[in-house]
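Given chain A's structure and the hints, the job is docking chain B with the ligand onto it.
Read off the chains here:
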Amino acid sequence: MLASVYTTAASDKVGTPDPIAISALQHWAYCPRQCALIHQEQSFADNLHTARGQAVHHLVDQPGEAIKAGVKIERSLPLWSERLGLVGKADLVEIHPDGAILPVEYKHGRKRQARHDDIQLAAQALCLEEMFDRPVPHGAIYHASSHRRREVAIDASLRAAVSEALTAIRTMLASGRLPPPVNDRRCRECSLAELCQPELIAERERFKRALSGLFDPDSEAA
Amino acid sequence: MPASQTTYQVQNSLYVMTPGAYVHLDNTTVRIEIERETRLRVPLHHVGSLVCFGNIMVSPALMHRLADEGKSLILLDSSGRFKARLEGPVSGNILLRQAQYRANENKNGSITIARAIIAGKLRNSRSVLLRGARETQNADESAQLTAAAESLAASLRAVPGSPDLDSLRGTEGEAARRYFSVLGLIVKPAMREHFSLPGRSRRPPRDRLNAVLSFLYSMLMNDCRSALESIGLDPQLGFLHAVRPGRAALALDIQEEFRSILADRFALTLINRSQLTVKDFDQREGGSVLLNDQGRRAVVAAWQERKLEEITHPLLETKVPIGILPFVQARVLARFLRGDLDGYLPFLAKT
Ligand code: SF4
Chain A
9 MLASVYTTAA
19 SDKVGTPDPI
29 AISALQHWAY
39 CPRQCALIHQ
49 EQSFADNLHT
59 ARGQAVHHLV
69 DQPGEAIKAG
79 VKIERSLPLW
89 SERLGLVGKA
99 DLVEIHPDGA
109 ILPVEYKHGR
119 KRQARHDDIQ
129 LAAQALCLEE
139 MFDRPVPHGA
149 IYHASSHRRR
159 EVAIDASLRA
169 AVSEALTAIR
179 TMLASGRLPP
189 PVNDRRCREC
199 SLAELCQPEL
209 IAERERFKRA
219 LSGLFDPDSE
229 AA
Chain B
94 MPASQTTYQV
104 QNSLYVMTPG
114 AYVHLDNTTV
124 RIEIERETRL
134 RVPLHHVGSL
144 VCFGNIMVSP
154 ALMHRLADEG
164 KSLILLDSSG
174 RFKARLEGPV
184 SGNILLRQAQ
194 YRANENKNGS
204 ITIARAIIAG
214 KLRNSRSVLL
224 RGARETQNAD
234 ESAQLTAAAE
244 SLAASLRAVP
254 GSPDLDSLRG
264 TEGEAARRYF
274 SVLGLIVKPA
284 MREHFSLPGR
294 SRRPPRDRLN
304 AVLSFLYSML
314 MNDCRSALES
324 IGLDPQLGFL
334 HAVRPGRAAL
344 ALDIQEEFRS
354 ILADRFALTL
364 INRSQLTVKD
374 FDQREGGSVL
384 LNDQGRRAVV
394 AAWQERKLEE
404 ITHPLLETKV
414 PIGILPFVQA
424 RVLARFLRGD
434 LDGYLPFLAK
444 T
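As they're listed, the protein sequences go chains A and B. The first sequence begins at 9 in the working numbering and counts up one residue at a time. The second sequence begins at 94 in the working numbering and counts up one residue at a time.
None of these hints come from the bench; they were simulated from the model. Virtual Cβ for every residue (Gly too), placed ideally from N, Cα, C. Each hint should be verified, as a subset may be incorrect.
[Said to hold, decoys possible] Among chain A residues calculated to face chain B with C-beta under 7 Å, some are:
{"hint": "1", "residue": "Glu49"}
{"hint": "2", "residue": "Gly184"}
{"hint": "3", "residue": "Leu186"}
{"hint": "4", "residue": "Asn191"}
{"hint": "5", "residue": "Lys216"}
{"hint": "6", "residue": "Ala218"}
{"hint": "7", "residue": "Leu219"}
{"hint": "8", "residue": "Pro225"}
[What the hints assert, rightly or not] Every beta carbon over 12 Å from chain B, so not counted as near; a handful from chain A, in silico:
{"hint": "9", "residue": "Leu45"}
{"hint": "10", "residue": "Val79"}
{"hint": "11", "residue": "Arg91"}
Chain A extracted, bound-state conformation:
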């Protein structure tokens, strides 16, 4: 709902780009083609989002987190930033009695790179700053498997990384072209592999050969 309101507002202004989903940062970090398939082609994005959303939701709903007295907890809070052109949701946002605001991102995977998580968290912090007009100098990553909570300072370098990633994603989405497949380990765990066909595209030469023999009845199939 919020996203569509934002889109209307943004597209009224000439030159204002459409907002980018915060989740695109994560997809981009994993594989630029995956990011394009989801946010540009919109193919099967639903499946992926639903699967991830449900996994996270399940974790966020689990009781037992440290809830300090007086701290207001907002789950699945809609986020946006007009300045950056970002929209999304925070798994959890703490609003402390002293006015401090802290986004908390839930992670469940094993081999995640901390920097990507941090950039996503920083994007959430930047949205919160704009929404509440208040600095958000910290966020936290909660690792569900180890029940560890890691504080992250939203420093200048993270803020710069967010805007760099956004520029790169915008450029890619505006081009309308699909980046080539990475065709490595990542594809094995990628839910878009069936649609993406990384192995087929990587085997371009073989494909070309099969294509060139298409009209020759004596040439073998592929």
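Chain B with the ligand in isolation, oriented as in the chain A frame:
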């Protein structure tokens, strides 16, 4: 090439054919009732689409759930012809559609894809004839089948030189006549009394083999259409078949390469193995022939089983269930349209 990492799932179609049947949702189970008696329960997650022949009642709750989960509800008339489809909002791929429209407007793009489709059709038809020639005991008939296969080879060689769609359709039409003129020879002699094929007749079919073919083509067309819609291609805008309101031209295009190897060969197998007999057909006044209720059931059951059989996809070098071949090909087409591949390569059966 590494084995494909992709996992394929056959989308199981649930076919409901008994007039007056009531299909509804009971928690996460699809329940079919006939005269208030439960006849079948299927877990919803096993159902890829619900296909209803003729007068079947479907509960609104089930319709909503099918839409939510991106599963389709297909309405056919009682003889299997497509009527309508309810489809959830999964196919929102506007860039792919734009590329499809652009390729269609570009004469070069259209003819390139159309040639590839016809080449696939000719090669696969040829492989059906050659296999028939190998398997028959009758030397004369074997020679006839081989000769027809040779003539299809000549047509195939002519395809790249065909300057436009009309000449390509001409080449195809002539090859199809040649093909159907001998296809009946693959019917075992013992079965020929009741199953001969005096050329192709449709609308309505006028002999039993044609009646089976028409029915199978209609099911295959549905599968192709689902495949296209599920990846976001517009099934109505074709490259070989001209645009006409109400016609799924691209589904017909994609279907071309599969007809002989999936439908024709399958029809012949059903007949040769006596899985279909005279009792499965109704002969109507004036000469039309249709599968009757019992015959349709037999064909649908066998077709569902057939779709689960695995076949090696020469390009992916991996085994895939026959039922997902239209999906694989729809993706190959989409990848070509989006600039990932240098052309469209049809599915080619091993000879
Ligand atoms: S299959 Fe591989 S290349 Fe394709 S989107 Fe996924 S990770 Fe990227």
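*How about proline 225 of chain A: closest beta carbon in chain B under 7 Å, or not?*
OK, holds: proline 225 of chain A within 7 Å of chain B, min 4 Å.
*Any CB of chain B closer than 7 Å to the CB of asparagine 191 of chain A?*
9 Å, violated
*Interface hint for leucine 219 of chain A, Cβ within 7 Å of any Cβ on chain B*: Because about 5 Å separates leucine 219 of chain A from the closest Cβ in chain B, which is inside the 7 Å limit, the hint holds.
*Is the nearest Cβ of chain B still more than 12 Å from the Cβ of valine 79 of chain A?*
The claim holds: valine 79 of chain A sits with its nearest Cβ about 36 Å from chain B, beyond 12 Å.
*Please verify that hint: alanine 218 of chain A, Cβ, nearest Cβ of chain B, below 7 Å or not.*
6 Å, holds
_Restraint check, 7 Å cut-off on beta carbons, for glycine 184 of chain A near chain B_ = It holds, given that the least Cβ distance between glycine 184 of chain A and chain B is near 6 Å, below 7 Å.
*With 7 Å as the cut and Cβ atoms as the points, is glutamate 49 of chain A at the interface with chain B?*
5 Å, holds
_Under 7 Å is the threshold here; is the Cβ of leucine 186 of chain A close enough to any Cβ of chain B for the hint to stand?_
The hint holds - leucine 186 of chain A has a Cβ within 7 Å of chain B, the shortest such distance being about 6 Å.
*Hey, is arginine 91 of chain A genuinely clear of chain B, shortest beta carbon separation above 12 Å?*
Non-interface label stands for arginine 91 of chain A: nearest chain B Cβ at 28 Å, farther than 12 Å.
*Would the least Cβ to Cβ distance between leucine 45 of chain A and chain B come out above 12 Å?*
Non-interface label fails for leucine 45 of chain A: nearest chain B Cβ at 10 Å, not farther than 12 Å.
*Hint validity - lysine 216 of chain A Cβ closer than 7 Å to any chain B Cβ*: 6 Å, holds
Violation of the numbered hints given earlier is confined to hints 4 and 9; the remaining hints are satisfied by the structure.
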